[in-house]
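We have chain B; now place chain W onto it with these hints.
Chains as they are written, first to last, in the UniProt record's numbering: chain B, 1 to 152; chain W, 1 to 152.
Treat the hints with care, as some may be off.
Claimed, not checked - Sample of chain B residues lacking proximity to chain W, with all beta carbon distances greater than 10 Å (derived):
id, residue
1, Leu30
2, Gln33
3, Leu136
What the hints assert, rightly or not - Residues from chain B that face chain W, not an exhaustive set, calculated with beta carbons under 7 Å:
id, residue
4, Ala2
5, Tyr5
6, Met8
7, Ala11
8, Pro68
9, Ala69
10, Leu72
11, Val77
12, Thr80
13, Gln93
14, Gly96
If you are wondering where the hints come from, they were derived from the structure by calculation, not from laboratory data. Note that the coordinates shown come from a computational prediction; the quantities given were computed from them, not determined experimentally. Ideal Cβ positions, reconstructed from N, Cα and C, are used throughout, including at glycine.
Number of protein chains: 2
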Amino acid sequence: MAAYYFLMFLAASGAAAVTGSVFRPGRWYLTLQKPGWTPPRKAFPIIWTALYVLSAIAATRIALSPDPAPGLALWTVQITLNTLWTPVFFGAQRMGMGMIVIALLWVVLAATVVMFLMTDLMAGLLMIPYFTWVGLAAALNWRIWRDNGESA
Amino acid sequence: MAAYYFLMFLAASGAAAVTGSVFRPGRWYLTLQKPGWTPPRKAFPIIWTALYVLSAIAATRIALSPDPAPGLALWTVQITLNTLWTPVFFGAQRMGMGMIVIALLWVVLAATVVMFLMTDLMAGLLMIPYFTWVGLAAALNWRIWRDNGESA
Chain B
1 MAAYYFLMFL
11 AASGAAAVTG
21 SVFRPGRWYL
31 TLQKPGWTPP
41 RKAFPIIWTA
51 LYVLSAIAAT
61 RIALSPDPAP
71 GLALWTVQIT
81 LNTLWTPVFF
91 GAQRMGMGMI
101 VIALLWVVLA
111 ATVVMFLMTD
121 LMAGLLMIPY
131 FTWVGLAAAL
141 NWRIWRDNGE
151 SA
Chain W
1 MAAYYFLMFL
11 AASGAAAVTG
21 SVFRPGRWYL
31 TLQKPGWTPP
41 RKAFPIIWTA
51 LYVLSAIAAT
61 RIALSPDPAP
71 GLALWTVQIT
81 LNTLWTPVFF
91 GAQRMGMGMI
101 VIALLWVVLA
111 ATVVMFLMTD
121 LMAGLLMIPY
131 FTWVGLAAAL
141 NWRIWRDNGE
151 SA
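With the rest of the complex left out, here is chain B:
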């Protein structure tokens, strides 16, 4: 069953990852003013891939635990919000709405980390890099939105 769960959670992460190749940071994004601490563009796909693998391992551990449903329900919400963010920010170029989505994602990820830690210590720890990275991404969304003022 471990392989089945891992493949399922990797497939769900794959759907989220596909948004990054469909809605690439194009000319619009390149012309935006970005803070000095913006990570280099090439880092994003590498980091995201690693985070998706870690979070799929974490969810697999939860799925195999005696009480999987509360944590898996949270994991489901976070991967759906993650899939939504890229199309909203890079596709529709709605920085304000992107901010709402990524803030919600961050809150749900915080709850996921706590729930996972309570169920399986290692699963919780495996989610922390992802949670940290989304915090950085949210801060970046905020700064770009503030520095390039847009109504929606």
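What follows is chain W alone, placed relative to chain B:
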């Protein structure tokens, strides 16, 4: 716990639903040739809302069942693919890639229905309208793609 699960699955469905308001069928879609059996536009948000509620109830029943993880893993994959489809089709206007996403969604929903039926009969039945509707939506995607030929 039932209310917690229902809210989580409704939230995940809500993220999928938001794509429909961010990427509306605009001028591009209106000018496409569509088959005579295309449902009226006003029907879509009403039908999707009903289907999301039914599928959230179904997932809640599975979450409360003795062996929730196998079914919930599939439910997670389907809601992520669902969230991906609208941005790909209406946002990026990639009808061919939309076809791949919705075909995968249909296959995953078929597996979800079977898995749910084996775990909880009512949960499986509650997913059947959603599965049927996505079959229709996939056929519509196919016809629109074929009749309006596009490379990607």
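Exercise for the section: Grab the minimum C-beta distance from Pro68 (chain B) to chain W and call the hint holds if it beats 7 Å, violated otherwise. Expected result: Interface hint status for Pro68 (chain B): holds (4 Å vs cutoff 7 Å).
Exercise for the section: Tell me if Met8 (chain B) is really an interface residue toward chain W, meaning its C-beta lies closer than 7 Å to one of theirs. Expected result: Cβ of Met8 (chain B) sits 4 Å from chain W, so the hint holds.
Handout entry: Cβ separation check - Leu136 (chain B) to all of chain W, threshold 10 Å
Key = 21 Å, holds
Practice task
Answer holds if the nearest beta-carbon of chain W is closer than 7 Å to that of Ala11 (chain B); otherwise answer violated.
Solution key: 5 Å, holds
Problem - Status of the Gln93 (chain B) interface restraint (C-beta, 7 Å, chain W) - result: 11 Å, violated
Handout entry: Hinted contact Ala2 (chain B) with chain W - closest CB pair below 7 Å
Key = Violated, about 11 Å.
Problem - Reported absence of Leu30 (chain B) from the contact zone with chain W (all CB gaps over 10 Å) - result: About 18 Å separates Leu30 (chain B) from the closest Cβ of chain W, which puts it past 10 Å; holds.
Practice task
Using Cβ atoms only, decide whether Tyr5 (chain B) comes closer than 7 Å to chain W, and label the hint accordingly.
Solution key: 6 Å, holds
Problem - Interface hint outcome for Leu72 (chain B) [beta carbon to chain W under 7 Å] - result: At about 5 Å, which falls below the 7 Å cut-off, the nearest Cβ of chain W leaves the hint on Leu72 (chain B) intact, so it holds.
Practice task
Mind checking the CB of Gly96 (chain B) against every CB in chain W and telling me if the closest is under 7 Å?
Solution key: 12 Å, violated
Handout entry: Interface restraint verdict for Thr80 (chain B) against chain W (beta-carbon cut-off 7 Å)
Key = 4 Å, holds
Problem - Minimum Cβ-Cβ distance from Gln33 (chain B) to chain W exceeds 10 Å - result: Since the minimum Cβ distance to chain W is about 24 Å, Gln33 (chain B) lies beyond 10 Å and the statement holds.
The structure is inconsistent with the numbered hints 4, 13 and 14, although it conforms to all the rest.
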